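S.K.: Residue numbers (the numbering used here), protein chains in the order written: chain F, 6 to 615; chain Z, 189 to 387.
By construction, these hints were calculated from the structure, which means they are not laboratory data.
Source: prediction; values computed, not measured.
Don't take every hint at face value.
As the list claims (entries may be wrong) - Here are a few chain Z residues that face chain F, going by a calculated C-beta distance under 8 Å:
id : residue
1  : 226
2  : 239
3  : 242
4  : 243
5  : 245
6  : 263
7  : 267
8  : 343
Unchecked claim - Restricting the straight-line Cα-Cα distance to at most 35 Å, the calculated cross-link-like pairs of lysine-lysine (DSBU-like) are:
id : chain 1 : residue 1 : chain 2 : residue 2
9  : F       : 316       : F       : 192
10 : F       : 192       : F       : 214
11 : F       : 50        : Z       : 366
12 : F       : 553       : Z       : 386
13 : F       : 503       : F       : 518
14 : F       : 192       : F       : 266
Glycine included, every Cβ here is placed at the ideal spot set by N, Cα and C.
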Amino acid sequence: MKNRTLMLGNEAIALALIENGCRVAASYPGTPASEILSSVARLGKELGVPMYAEWAVNEKVAFEVAYTAAVTGLRAAVAMKQVGLNVASDPLMSAAYSGVRGGFLVVSADDPGPHSSQTEQDSRLMAMLAKVPVLDPDSPAQARELVAAGFDLSERFAVPVMIRPTTRVCHACQDILPGGVLPHDAKAEFVKEPSRWAATPVFRNRLHKELCDKLARIAEWGPTAPVLWNPEASGTRAVVASGVAAAHAREVLEGLGLWEKVPFYQVVQPFPLHASFVNHVLEWYDELLVLEEPAAVIEMQLLDRRRVRGKATCAVPEAGELLPETVERVIAGFAGTAPAVPVAQGPQPPGRRPTLCAGCPHRASFYAIRRAAPGGIYPSDIGCYTLGLNLGAVDTVLCMGAAIGQAAGFHHAYRLSGRAVDIVATIGDSTFYHAGLPGLIDATVQGARFVLVILDNSMAAMTGFQPTPASGAGAAGEPTGVVDMEALVRACGVRFCKVGLPSRFEEFVGLLKEALAWSHENGVAVVIAREPCVMAPGASGKRPPAAKPAVTDACTGCRHCLTQFECPAIGFDEAAGRASIDATLCTGCGVCRHVCPVGAIRGGEGEEPR
Amino acid sequence: MKFGCLDRPAEESPAARMQLLVSGVGGQGVLFVSRLLAEAAIGRSLSVVTSEIHGMAQRGGTVVSHLKVGGFPSPLIREGHADGLIVLREENLRPHGRFLSTSGWAVVNSASAAGEGCAFPVHVVDAEGIAREAGYPRGANLVLLGFLLARLGSLEDGGRFFCTPADLRVALDRRFGKNPRALEESLGALASGIRHGKG
Ligand code: SF4
Ligand code: SF4
């Protein structure tokens with residue numbers, strides 16, 4: 006017999022995909038969804054299940070690859086974070102109409118808070134927009150169950166099904182008892198049906214009616230109907246909740262002694278909400294409190310506004326994560342009791358802000374950019390390097406790939422106004438492939454002038470070191486094809502493309518200045534800052550132990566290296582009144598030697614400051 | 189229409205229920221500590237749920253992990269409900285103290301006299317110093333856990349912690365069994381923590 010194992014929510018989802026016969030899985034990394042595909046690839050290998058798992062170039066392509074497998078009759082899944090679903094929304098809307106043959110799950114992880122995202126958007130609203138059913142798990146264990154239910158639902162109604170975990174499900178760990186892999190021997194077989202798979206608008210109208218009919222039947226489907234947890238409760242005011250808010254609510258209702266008094270319904274399919282459930286709760290109860298996050302999806306389907314308390318009535322906060330403390334306060338207010346423990350109100354202390362790692366090549370790149378283009382405009386992008394904010398070398402972060410579009414936007418706006426400015430955009434390698442290419446083509450075609458620095462550490466570092474199209478390795482480490490970044494940049498019409506090593510600091514600053522001068526005369530200049538991530542698995546093993554610099558007596562205690570450069574290995578010895586380097590954290594990159602205005606940091610290897 | 193009714197999970201002995209907050213900064217091993225304790229809970233056939241922080245905060249930002257042993261549905265601890273606070277970085281002691289219940293305690297890794305003036309009992313241990321001295325420079329977190337277990341004692345022996353040092357050794361063995369050196373180092377660090385906790 007197998008033992009209960011501690012599993013991350015994302016691992017539980019991956020396990021369920023494999024147990025339920027998923028054959029093709031694709032994803033683009035993004036917190037909190039990243040571990041789903043890496044776990045699928047690992048578990049598939051461990052369990053010897055023949056399957057195809059890929060890190061796609063972006064979510065749209067990932068969706069199309071996995072969806073098409075489902076069109077051929079295989080079970081398939083695509084995983085992404087909520088803002089990734091924006092990128093994949095084009096195929097999602099259309100796939101809802103054309104439908105599927107094999108079960109197809111769209112796992113879109115939301116991030117209420119947000120903890121690690123640009124927005125708190127609700128993927129369930131995207132499911133409504135696309136008219137596909139969505140399931141909302143409250144825990145890793147339930148996520149696993151809903152993957153099984155989702156495949157069943159998807160095949161029964163020939164429709165894509167969304168699974169919508171949130172950060173607190175994806176990154177919760179729970180004891181899970183692994184089951185067996187269910188036998189699934191479907192073979193790919195594409196049945197041509199142009200009126201469906203290549204539908205023109207005439208047929209689209211028919212498909213839309215078909216979809217509406219499917220949704221009406223899904224709103225009656227028993228296995229995903231809401232659940233009443235405490236039929237013995239007799240009150241006339243009920244609580245309705247879904248996702249992690251339902252888990253908080255269960256605990257709070259028990260803690261406040263309300264389990265016997267307040268009927269508690271858990272919704273696992275927020276859209277389409279079961280029609281008979283809507284009728285039942287609106288008929289039966291005087292008042293309903295709806296707890297869900299981040300948006301009011303269930304609430305807006307409960308049509309009697311006079312009896313429903315929720316976000317629309319300001320009973321529940323509209324923005325920010327629904328923490329259990331808030332759930333307790335809201336439920337206590339609704340039930341007319343006092344919270345068990347009075348909680349100190351007021352803002353929480355901010356805590357320590359994240360920063361780039363010691364020896365991170367991005368730090369050197371950013372410091373060099375500020376030196377080469379002081380007073381410039383620095384559009385940037387999504388990744389570890391967003392932390393260049395701390396160094397004052399990141400001015401804008403909009404969405405994946407926007408560094409390039411925004412750099413062009415700044416150029417055109419300033420040119421129109423007759424004003425000259427240095428524009429240096431930064432983008433990571435993975436982000437460049439994901440959504441940067443169309444922006445670069447547009448910029449060269451339209452004659453924008455700026456410097457683009459591609460921070461190429463040959464992986465998607467922040468989300469857990471996933472490969473990029475230039476890595477030559479796939480999700481399970483298998484060899485893949487590669488693209489050539491320089492050739493790609495040139496093919497976009499860029500005529501200045503040079504590679505530099507940011508840790509060779511003075512040289513790199515020189516390269517940036519050359520690129521700036523060229524760009525002002527000619528167009529987009531690209532500098533590829535190519536240096537591996539120091540945190541990559543095995544990176545420290547590969548590096549020869551470097552001699553480390555030290556702070557000498559020349560230090561004046563000005564703290565410039567701490568406030569402007571922020572290497573975590575540099576601290577301040579208050580007693581001695583000067584900076585100090587922690588040799589256990591220091592990687593010996595030597596860049597700080599170029600940062601100290603009086604040259605007090607000496608030693609170490611390689612190029613010394615001039 | 190009748191609505192399905194889920195079976196409520198079997199009640200677990202309330203004595204074995206425990207809510208712990210592990211707090212530190214990215215890179216210190218907060219997730220290692222909370223997962224190891226969670227594995228120890230599974231080893232005792234207790235159900236467990238944790239909530240972790242991933243993503244950008246792991247780059248040196250404040251990282252907190254919630255650990256709830258014994259049949260809790262919610263993965264998060266409410267303020268004022270934690271039994272214990274395990275602090276790997278002293279600066280987090282005061283800000284996270286608000287999670288503790290009135291009978292809560294904290295253990296903090298610090299070389300100085302941390303926790304003076306706190307409204308809750310604070311056990312201070314120089315886990316990094318002890319680990320360095322004992323020759324396991326990477327074992328500070330296990331020194332801290334060993335110290336904590338010895339200080340509080342396990343429920344089994346009339347103490348206050350849900351698991352015993354033996355449970356942790358089993359969890360470590362499962363984790364590092366294939367790497368005898370890592371196993372030896374972690375068991376050694378745990379043992380030196382236990383010695384200091386008893387002293
Ligand atoms: S090392 Fe240089 S930059 Fe840092 S505090 Fe000393 S003088 Fe200032
Ligand atoms: S050499 Fe300087 S910049 Fe590089 S890791 Fe060490 S302290 Fe940080």
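S.K.: Now, for every hint given, state plainly whether the structure supports it.
M.R.: To see whether the hints hold, each was checked on the structure:
no. : hint          : verdict
1   : 226           : holds (5 Å)
2   : 239           : holds (5 Å)
3   : 242           : holds (5 Å)
4   : 243           : holds (3 Å)
5   : 245           : holds (5 Å)
6   : 263           : holds (4 Å)
7   : 267           : holds (5 Å)
8   : 343           : violated (19 Å)
9   : F:316 / F:192 : violated (47 Å)
10  : F:192 / F:214 : holds (30 Å)
11  : F:50 / Z:366  : holds (20 Å)
12  : F:553 / Z:386 : violated (40 Å)
13  : F:503 / F:518 : holds (12 Å)
14  : F:192 / F:266 : violated (53 Å)
Violation of the numbered hints given earlier is confined to hints 8, 9, 12, 14; the remaining hints are satisfied by the structure.
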